[in-house]
Amino acid sequence: MSDTSARTTPPPAIGGEGDFADYFALLKPRVMSLVVFTALVGLLVAPVPAHPMIALAAILFIAIGGGAAGALNMWWDADIDAMMQRTKARPIPAGRVAPGEALAIGVALSGMSVVMLGLAANWVAAGLLAFTIFFYAVVYTMWLKRRTPQNIVIGGAAGAFPPMIGWAVATGGVSPESLLMFLIVFVWTPPHFWALALFVRSDYEHAGVPMLTVTHGRRATRAHILAYTLLLAPVTIGAGLTSVGGPVYLMVAVALNLWLIWGALNIRRRSEETATADGYRAEKAFFRFSIFYLFLHFGALLAEAALRPYGLGGW
Amino acid sequence: MGIAREHDLHKRRFSRNRGVGLALAAFVAIIFGLTVVKVSNMDVVGSYAAGSLTAGGDK
Chain G
1 MSDTSARTTP PPAIGGEGDF ADYFALLKPR VMSLVVFTAL VGLLVAPVPA
51 HPMIALAAIL FIAIGGGAAG ALNMWWDADI DAMMQRTKAR PIPAGRVAPG
101 EALAIGVALS GMSVVMLGLA ANWVAAGLLA FTIFFYAVVY TMWLKRRTPQ
151 NIVIGGAAGA FPPMIGWAVA TGGVSPESLL MFLIVFVWTP PHFWALALFV
201 RSDYEHAGVP MLTVTHGRRA TRAHILAYTL LLAPVTIGAG LTSVGGPVYL
251 MVAVALNLWL IWGALNIRRR SEETATADGY RAEKAFFRFS IFYLFLHFGA
301 LLAEAALRPY GLGGW
Chain F
1 MGIAREHDLH KRRFSRNRGV GLALAAFVAI IFGLTVVKVS NMDVVGSYAA
51 GSLTAGGDK
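Chain order of the listed sequences is G and F.
In this text, residue positions in the first sequence follow my numbering: the first is 1, and each later residue adds one.
In this text, residue positions in the second sequence follow my numbering: the first is 1, and each later residue adds one.
Please note that a few of the clues may not be correct.
[To be verified] Pairs of lysine-lysine, DSS-like flavour, derived with a Cα cap of 25 Å:
1) G/284 - G/28
2) F/11 - G/88
3) G/28 - F/11
Hints were generated in silico from the structure; no laboratory data involved.
Bear in mind the structure is a predicted one, so any value in this text is a computation, not a measurement.
Work the whole structure out from these sequences, hints included.
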């Protein structure tokens, strides 16, 4: 039967014929790099050294677990990803990977990474990794993301677990230091993403994701960025007073916090007209700087740990 | 003549197969490395336990 409409309608994307890079992209490599870095710092600053081979394997399995959570997120969010400029080229909405494949990869890699981390390191670390995957894939992606403007605040916990997992790999437990490293990423996440939401406004509105900018307005979002930035300062500086901190970390933390607070104050003061006129320059600068902010804090923790054997790091 | 010509589909399949192959090889290498480390550590623990038993037996 020759049906004209059937010929003119584009065929549905069946997926399954992407190349390896498409399947790798399901694991959100950029997010994975942050997971690897913070987990590695958590592992290396711990007071108990881990065997290099176990540390290498543990970081790899943590990265795979984080990537698996990313694949599950892409599977669930394929419908809204297709509506947003920033995400519509992802493998599932672009039709290069079938949704079922992403689900299978996410589930299989989740199970494999948790079991392997348990066998390679310990079951506390494996339990934390399992909880992280569950939190990101179910609590954040399936439950909160489309329901509450607090999605970023609570969902941020998922990205904050890796340093705790790294610490648990080395020590087999949880401690105030690892909780503080968790809090650094947890409190850092909302102002980082809200700054992004300020300058990619149309995307989230179009997809119907209840970002704070959509539900409470842009003025309230600017105020929230400042409030969370002020809350972040005592957390990051407080970490410097624990056994993982030291003078180097503390100096870096104070300087970075002054800079970030200045940026947040600037964002708070700006009107929407000013921001639109200069193409959201301050908001974009704050977003970019916040990435360096997190990287340098964890880098400073690492520097303290590296200096310690020479009697220079720590208190 | 078409059958010998490499289609874009074949390139993507090759890319997938090579990627999976390398990932599996890396996984085997990691498991092997972990096994060596775990077995070596067991030896240390085993020697320690044997030493303790011997010391206990001497008393």
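>> Which constraints among the numbered hints does this structure fail? Numbers only, ascending.
In response: none
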